[in-house]
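Number of protein chains: 2
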Amino acid sequence: MPSYVRMSRNTTELFSEIAGRSRVVVENITPQVDAGRFPIKRVVGDSVAVEADVFGDGHDIVAAALLHRFGDGGEWHHSVMRPLVNDRWTGEFPVDQVGEYQYKIAGWVDRFGTWKRDLAKRIAAGQDVAVELLVGADLVHAAVETAQGRDREYLAEWDHRLRGDRARQQPREIAESEELSSLMSRWHRPVATSESRTLTATVDRPLASFSAWYEMFPRSAGKNGKHGTLKDVEARLPYVASMGFDVLYIPPIHPVGRAHRKGRNNAEQAVPDDVGSPWGIGSEDGGHKSIHPSLGTMDDFQSLVRTAQGHGLELALDIAFQCSPDHPYVREHPEWFRKRPDGTIQYAENPPKKYQDIYPLDFETDAWESLWQELKSIFLFWIDRGIRIFRVDNPHTKPLPFWEWVIGEIRRDHPDVLFLAEAFTRPKIMYRLAKAGFSQSYTYFAWRDTKWELTKYFTDLTQTSLREFFRPNLWPNTPDILPESLQFGGRPVFMTRLVLAATLAGNYGIYGPPFEHGWSIPREPGSEEYLNSEKYQLHQHDLERPDSLKDFIARVNEIRRGSPALAHRGVLKFHEAENEQVICYSRTAPDQSDIVLVVVNLDPHHRQSAWVTLPMEELGLPIDRPYQMHDLLTDARYLWHGNRNYIELEPASGPAHIFRIRRRSRSERDFEYYL
Amino acid sequence: MPSYVRMSRNTTELFSEIAGRSRVVVENITPQVDAGRFPIKRVVGDSVAVEADVFGDGHDIVAAALLHRFGDGGEWHHSVMRPLVNDRWTGEFPVDQVGEYQYKIAGWVDRFGTWKRDLAKRIAAGQDVAVELLVGADLVHAAVETAQGRDREYLAEWDHRLRGDRARQQPREIAESEELSSLMSRWHRPVATSESRTLTATVDRPLASFSAWYEMFPRSAGKNGKHGTLKDVEARLPYVASMGFDVLYIPPIHPVGRAHRKGRNNAEQAVPDDVGSPWGIGSEDGGHKSIHPSLGTMDDFQSLVRTAQGHGLELALDIAFQCSPDHPYVREHPEWFRKRPDGTIQYAENPPKKYQDIYPLDFETDAWESLWQELKSIFLFWIDRGIRIFRVDNPHTKPLPFWEWVIGEIRRDHPDVLFLAEAFTRPKIMYRLAKAGFSQSYTYFAWRDTKWELTKYFTDLTQTSLREFFRPNLWPNTPDILPESLQFGGRPVFMTRLVLAATLAGNYGIYGPPFEHGWSIPREPGSEEYLNSEKYQLHQHDLERPDSLKDFIARVNEIRRGSPALAHRGVLKFHEAENEQVICYSRTAPDQSDIVLVVVNLDPHHRQSAWVTLPMEELGLPIDRPYQMHDLLTDARYLWHGNRNYIELEPASGPAHIFRIRRRSRSERDFEYYL
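The listed protein sequences correspond, in order, to chains A and B.
91 is the number that this note's numbering gives to position 91 of the first sequence; each next residue is one higher, with no gaps.
132 is the number that this note's numbering gives to position 132 of the second sequence; each next residue is one higher, with no gaps.
For the record, the hints were derived by calculation from the structure and aren't laboratory data.
Just so you know, not all the hints are guaranteed correct.
Across the chosen pairs, the derived CB separations fall in these ranges [said to hold, decoys possible]:
| id | chain 1 | residue 1 | chain 2 | residue 2 | range |
| --- | --- | --- | --- | --- | --- |
| 1 | A | GLU369 | B | THR90 | 32 to 42 Å |
| 2 | A | ARG166 | B | GLU369 | 38 to 48 Å |
| 3 | A | GLU153 | B | GLY343 | 21 to 31 Å |
In this text, a Cβ means the ideal position worked out from N, Cα and C, and glycines have one as well.
Required output: the full structure, derived from the provided sequences and hints.
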């Protein structure tokens, strides 16, 4: 590494010392979020492609390096940047560890390069370059003093040679010497280097950007009408794993409060047998660090975590920072709740609605510091017990500075921990939560049904700066959301919503078994709440129902896992399909090794057809001969010709294609087929 | 002003103290340049319209204020911001002094507003609000403690009222009280305020954004073949003023070097009578703080400055930081020049071209600090002698950090000083010079001839963030640039280039008398240098030539001065004209009081016609009745109907229209016309 890198300083220090000679400007760096206020996000195995404007005054050649390091101490690694056009430069660095990386850009005037370029011009113009050779010799001489090892000897030799007769007679040899250029690129030290500010990249494990989630209520995993337990969930693991999911997410498992407990279908009064909402956290049995006695013990919990791992499943826990009136905090820390003038504690409200079974924590309390510390300790408690993924309930109703603090605190010691923000609120708040540190975010996907809506939304998410920090996690349903589309479309719409969720982004999830069983009845017309919602009562599901979508789901997840194009780095692009009911898009692996084309009939009731137009050159498709479309859902193969091809999708038999585009190659397999 | 504003702190301080309760986020502020790294630019009389995303967690109402102050000390003034849509807020502040303004945004949770909104909802739902009234009373009670004057008494009364029987019986009176809201808006102090970082606006005098420049060589102002003097320039002032210019810019007036002096038409060897280039600065008669003896004395100079003012003209001086080999600096400060190994001083080069008459200053010298100070002192020397505008020669060949420093230094004590950057280089360098502090910038206008080029370039300059810091100054010609377009188009092209320059931007200039006399002959075919350029020889001009464009120029400048739409705030918009040779655009005053429509035939050789399409609603034009187009160049008036109208322009008689669009109004003048 050249010495200037080891000696690099930040701009402020430079200014006091050598600003007068620092002639290069570095600006407009991408990627960055809010001018470096927040980190960009990547996962292990990614590389960070960095661009910047780098230029100086005058006609001298400038050079630039991309510097990066893991953590905020230690040595900077550097890589050379290449000029693109219009003073734009590019470089990249790989990220292979979970944690924070820092990166910045250094630029300087390349005096040797400038000298060499000008020498060639002078020689070409037939000028006497005797003095110029001495100018070069002086540059080489200075490099000798910084060089080490054999390079030092070589440079000393060049210094000597530049001052000799032969150089004057054959200057072209000097101007064209690759050896000299190479030596000087290692040891020529610029007079003054300008540096950008330091930017940060948060690097997560790969699951942060590519994951399939399955949500289920543990208490519904029982048999014979009994309250399900964590042991029952353990028995359910093979079923979940067989569908190809990565993450098993369970709603809160803590003791459920009794005061103002809600009954079935959110009834204001519970009857004695009612189990209440798992989000009404806390009772005399404990709070956020306890397990509901009916679910089992902490040992059962840790057994579940371990067994899940054995099935390739990771358990995600729900974090809902709110308390039932029976929560121990209410008694032990009244200072964390807001009092009303009549001495009662303020319950949750969205006037005129009242949620008397929930006491919100008062983040405006004078005791906010002890509150923050306690909430942090809840995460740490479950981290100690093997949890590395948290799904956070309604983070948008707690202060944004709190999230930035607590996620930063936790990730400092546990950088492998992931956070999913369940914030269904206005876009800027959702984006700010992602900036504050949430690894993944719920989205508006559940309500994006039409081709126009889907195209607009996913273009925004993938082609603006949002992609640097906002990782969508797409859910066609949740215990809170039975969207209108699922209420009326029958089985075909469950299939198409699954295909869309699984292929439009790296992360998606379903709430089952209601999803695979096609639950579609709302509590009342116009509502998005499930009738007889599991939020308020037990359910026992027949996992072997013949109409279950489990095999279809398993197939889709298998396709995802086998396709680099569908992984998070696969670039999404929408293509023209001449029918508003047919959506068509491709995902392309960065190295173009894998291209998947998804075509979905958005109309669950009628057969729809469309002419689909593909950008042949962009996809690397041949114009002069057919190419093969391999439907990974059905294993059917089609030959397509040219850029316009016909598609017909029948909702009942198959409302979607997930094609792998097979360009002709010399592989045995293709040979066989074309034979 | 509410007390929270006086108590405001910056974000860092807040964090240590009350971050836990600071629930509002302020981000994505416009305008700002590079995240606040550089100031935005405005002129006295402007107002700064600021927008930001402001939001908090949960459902509480947030409020935001725009804070501003003059300078970096003193009290902040605040104004309320209004919500637009999607968490975007807007506000503005006026700037009425030359210097730096600071601005920032504060956001907080409006607890009283939230309480009032919710109270109304509760009342509407028929709920008992007894406790809620006490919650409100507590908020009012807290405000009593901060209130002053009679407000304190009024608030105390409300505090009492809220706790009384009548309030419980007639809560609607409370919820609807404007008086209470008004009192609370003045005295209710938020629990915690979030503040954005502080941004800066450089405010110049109006000339910075609206000026017409005239460049001339003083030494060509003589008579009877004699070297012109500053006294001759003084005699020329009425001529320049009669054309309506604001700024008289003269090339360097310093002693011209003798060593390697260039002859006529840039000949390598000068003959004894040759006057040399004014940019070859410095001789035994002095350097950058001296006046060439043939031009006159310092007294003559100061007389010129004063007399110009009397004619409404301001003198702009040329600052060219380079030296002839005879410059006193070469002898007195050899450390500011680069030595070659043979002991000679490095002359200017762009290999293989050599400019041996010029020694560049070496900004990489160890003595850069003394060099910077000396260069700064040159500006101060001429400021002391009445100069407030500097046209800086080739600033892009000196380090960008130097410009940021020296302009900052000078403007700290002399905020009325303006700098025009003569940088014809790559776009990012030009923009960075503007960010670094140059008040105005030369542009690529001289080489933007076609409709597509002009539309693209001026859309970029006026509709991107460039408009916040880059003020174009448009020159159809300069002593260095006789563009190809002016070489072949004859008189019509001089007229159209003038109209374009004068109406596309707030600042423009011409180099005369060659411009008004239509000089069009290059030194050699393909060259952009003038034949017999005034850069290397004297010229004496017949100002009364019958073909002079001076009256046309005077008319155009008169139109500019009389039109708010053509001032810097006039919004530029291009309109469809169905002919590639016809360009059509409007400038609209921000209050829509004045709309000017410019239509130019870009073909100097042939009559061209086009149907022009105007956006009627946007321009406030009537669809159902005619409107009047008043050509300010010819005083002709036309009645137009609807959005499409026909235009025909004959190059010889009138290649351009500058219409004022007259919408029918009740003014006497319009009445008369329509009568």
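Verification of the hints:
The given range of 32 to 42 Å is respected by A/GLU369 and B/THR90, whose C-beta atoms sit roughly 35 Å from each other. Evaluation of the 38 to 48 Å hint for A/ARG166 and B/GLU369 yields a pass: the beta carbon distance comes to about 42 Å. Separation of A/GLU153 from B/GLY343 is about 30 Å and conforms to the stated range, judged on CB atoms against 21 to 31 Å.
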